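Student: What follows is the residue order along each chain.
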Amino acid sequence: MTGARGFRRIDGEENLERRATFRTPLLPWLLVLPQLLIIFVFFYWPTGEAFVWAFTLEQPWGGGREWVGWQNFFEVFNSAHYWSSVKVSIVYAVGTSILAIGAALLLALFVDREVRGSRHWRVALIWPYAIAAPAIGMIFRFVFDARAGIFSVLNTISPNAWDPSLNGTHAMLMLILAGAWQLVAYNFVFFLAGLQSIPRALTEAAAMDGAGPMRRMRDIQVPLLAPTFFFLLVINLTDSFTNSFGLVDIMTAGGPARATDLMVYKIYADGFKGLDYSGAAAQSIVLMGLMVLLTFVQFRFVERKMHYR
Amino acid sequence: MKFKIAALAAGLALSFGAHDAEAQTRTRFTWWYGLSGQLGEVMESYCKNFNASQNEFEIVCTNQNSYDRALQNTIAAFRAGEHPTMVQVYDVGTTDLMLSGQYLPARQLMSENGYSVQWDNYISSVGNYYATSKGEMLSFPFNSSTAVMYWNAGAYRAVGQEKPPETWEEVEKAARALKAQGHACPIAIDFDSWQHWEQFNAIHNLPMATQQNGFGGLNAELQIAPLFRRHANNLIAWQKEGLIQIRTPQGGRGLADSFAQGECAMMMASIANHVAIGRTAKADLQWSVGMLPLYAGHNRTNSMVGGASLWVLKGRPAAEYKGAAAFLAFIAKPEQEQFMVSNTGYIPVTRTGFESIKASGFYDQPQNRGREVAMTSLLVTEPTENSRGLRLGNFTQIRALYANEMAAAFSGQKTMDQALNDLQAESNRLLRRFEQTYRGRQLP
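Listed in order, the protein sequences are those of chains A and B.
The C-terminal residue of the first sequence carries number 325 in the working numbering, and the numbering is unbroken.
The C-terminal residue of the second sequence carries number 449 in the working numbering, and the numbering is unbroken.
In isolation and in its complexed conformation, chain A is listed as follows (with noise of 0.2 Å):
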């Protein structure tokens, strides 16, 4: 993000020198060739691909394909389970997003106070970003299991309380606390990163003038991880949007009557679990479409009310 700018900055003179650097204008092609290659062989090939087929009726085994123009996307559009699957998508991604950010947020600004045993709490708190999605969605399926998990104390509370399995509501719940687990650790580093860099004078200066502790997070410390923040809620709702395909297939397979039908699961089961090579390649246009929309927002409008430094 900061070398984004970075690069900006080169226009102009400086960019002449650099430029100079390369006697002939093939070699700093062929330095970039083999990134370019990868790009191209594992990214424009498959959409490509995906282009051609969201625009045909593409038969599984290869036996031919009729041209259909817009059908698979006017077919997607006036399908009420696909709109369905687009606000549950929203849901999962801004809740999960906010939750992970905040918890995230509130273990740092700890760890960084040097609370008790923080050195320890650090470690332990980096570590879920190593697991798997799968091994964290069968977790979570014994935790929030209705007979038998952490969460079954409410049936026996109030019966029928809790059932993920049946209740769409307990069931987005679920996925959405779980999702949040996931990314919290991978928040945390970054929170921490950027609390640290906080130069220690300047919160001293703010202890010296009688500012608390709460204080000096308000004032200081969360206005100044403006920029982590904004990085995080990038990352962290993109990802939403893309990788929760793991987690869903072990939770919940999309259901309970759709209640949890994310937009990549759908994509998944309509295309590979259900062979309609067509309507799931026009759906992966459309949420690429929604990415780039959702990153573009984020770097155009949100990007320019930060300040750095």
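Bear in mind the hints are in silico, worked out from the structure with no lab data behind them.
Each hint should be verified, as a subset may be incorrect.
To be verified - Rough simulated footprint, nothing fancy, chain B against chain A, three-plus residues with beta-carbon under 8 Å: (1) 45-57; (2) 137-145; (3) 200-212; (4) 271-282; (5) 286-295.
What the hints assert, rightly or not - Distance windows between CB atoms, simulated: (6) B:60 x A:144: 51 to 59 Å; (7) A:185 x B:71: 26 to 34 Å; (8) A:169 x B:140: 54 to 62 Å; (9) B:347 x A:169: 38 to 46 Å; (10) B:302 x A:144: 36 to 44 Å.
All figures in this text were calculated on a predicted structure; none of them were measured in a lab.
Where is the CB? At the ideal position from N, CA and C, for every residue including glycine.
Let chain A serve as the given structure and place chain B on it in line with the hints.
Tutor: Below, chain B without anything else, positioned relative to chain A:
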């Protein structure tokens, strides 16, 4: 030291050489299967046994972990020209493969490679699922099953219904009596369409769709049979009354576990669960197996087969097809059918296989008691247009629709009638899309 190394190298060279020589004389061909866990091990034993039984061919087997993945990966490999010679495809994947035309028909494969097969030896309700509308089998029925009712005789003895009842009316009465005694879960169901919807229609001889369940053409339209509508509304009412609990894996414990642990006293599931239930049942669980219940006043028709069949794909060298034919002839032998039946919960697929297993006293052994019910259920009648199978496209998605609509109805988001109407409308949308994808193609 030098000598040692030289000796080692020589030894290695010799052993590799020997291995190579053996492999070269054998023709290799590949098989991808979808069963995993203990069933996967049984598949692996088939491969080992086949390789040990002859020295002309070598089968290389790959476990794909699930039916879904076996099909997905095979399609991906097929598109890249790297597909296996033979693949195990589950029942509802049949329509897609038939339309693709990318397979070698079973009859052609066997006759070209010099095997004569008695095709009418296959149990007709099994073979017909994988056959053309004229009755020619295109793939080999392999691991096969059908749905049955599992009955907790110990629990239901208390209300005077120790034997599994024949009709839904009796099931209802017994469940209500059991509930009155404080039992929390007289009946367990889940949202799986196979045993709760497809089999219900088959045994009542009701169509799932027009055009003879799709055998007559891709323009088939899905229907909700009025009797099923009544049944589904009954299920909702019984759930509200506390006679039925929903047991899904997402809820922590699926049907089979709930039954085996004695929590739920009745369920409908595949006969393939028989072995696992026998092994994991609570120590004092007394249980038996009955045919799926009927509504009073209806005659029983055969239930439908489920499971998977083996397809041989086009585009491999001819030598591999010789091997595939040899393997398919190998697994059709009665002793191999016996191997399948005694190591899994699946059923024999040929008449001679069934007879020889029956004659061996297999079904009289205490741990196998009740498994013959599946055969009785499949053989009740000759298959009708409604019970021979389904030829509906996008059926995996239709099954998912069923699960979602049932979940919506059972959680009170819509009435059962609304859910069934939506199921019908959405399914027909999927069928039309499928028809358009394969425009101009005919089912064989």
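Student: If a hint holds in the structure, say so; if it does not, say that too.
Tutor: Evaluation of the provided hints:
1. 45-57: violated (count 0)
2. 137-145: violated (count 0)
3. 200-212: violated (count 0)
4. 271-282: holds (count 4)
5. 286-295: Coverage by chain B holds here, the residue count being 8 at a Cβ distance below 8 Å.
6. B:60 x A:144: 51 to 59 Å: Distance hint for residue 60 of chain B, residue 144 of chain A holds at roughly 54 Å.
7. A:185 x B:71: 26 to 34 Å: holds (30 Å)
8. A:169 x B:140: 54 to 62 Å: Given about 59 Å between the Cβ atoms, the range holds.
9. B:347 x A:169: 38 to 46 Å: holds (45 Å)
10. B:302 x A:144: 36 to 44 Å: Cβ of residue 302 of chain B to Cβ of residue 144 of chain A: about 59 Å, so the range 36 to 44 Å is violated.
Hint check: violations occur at hints 1, 2, 3 and 10; the rest are consistent with the structure.
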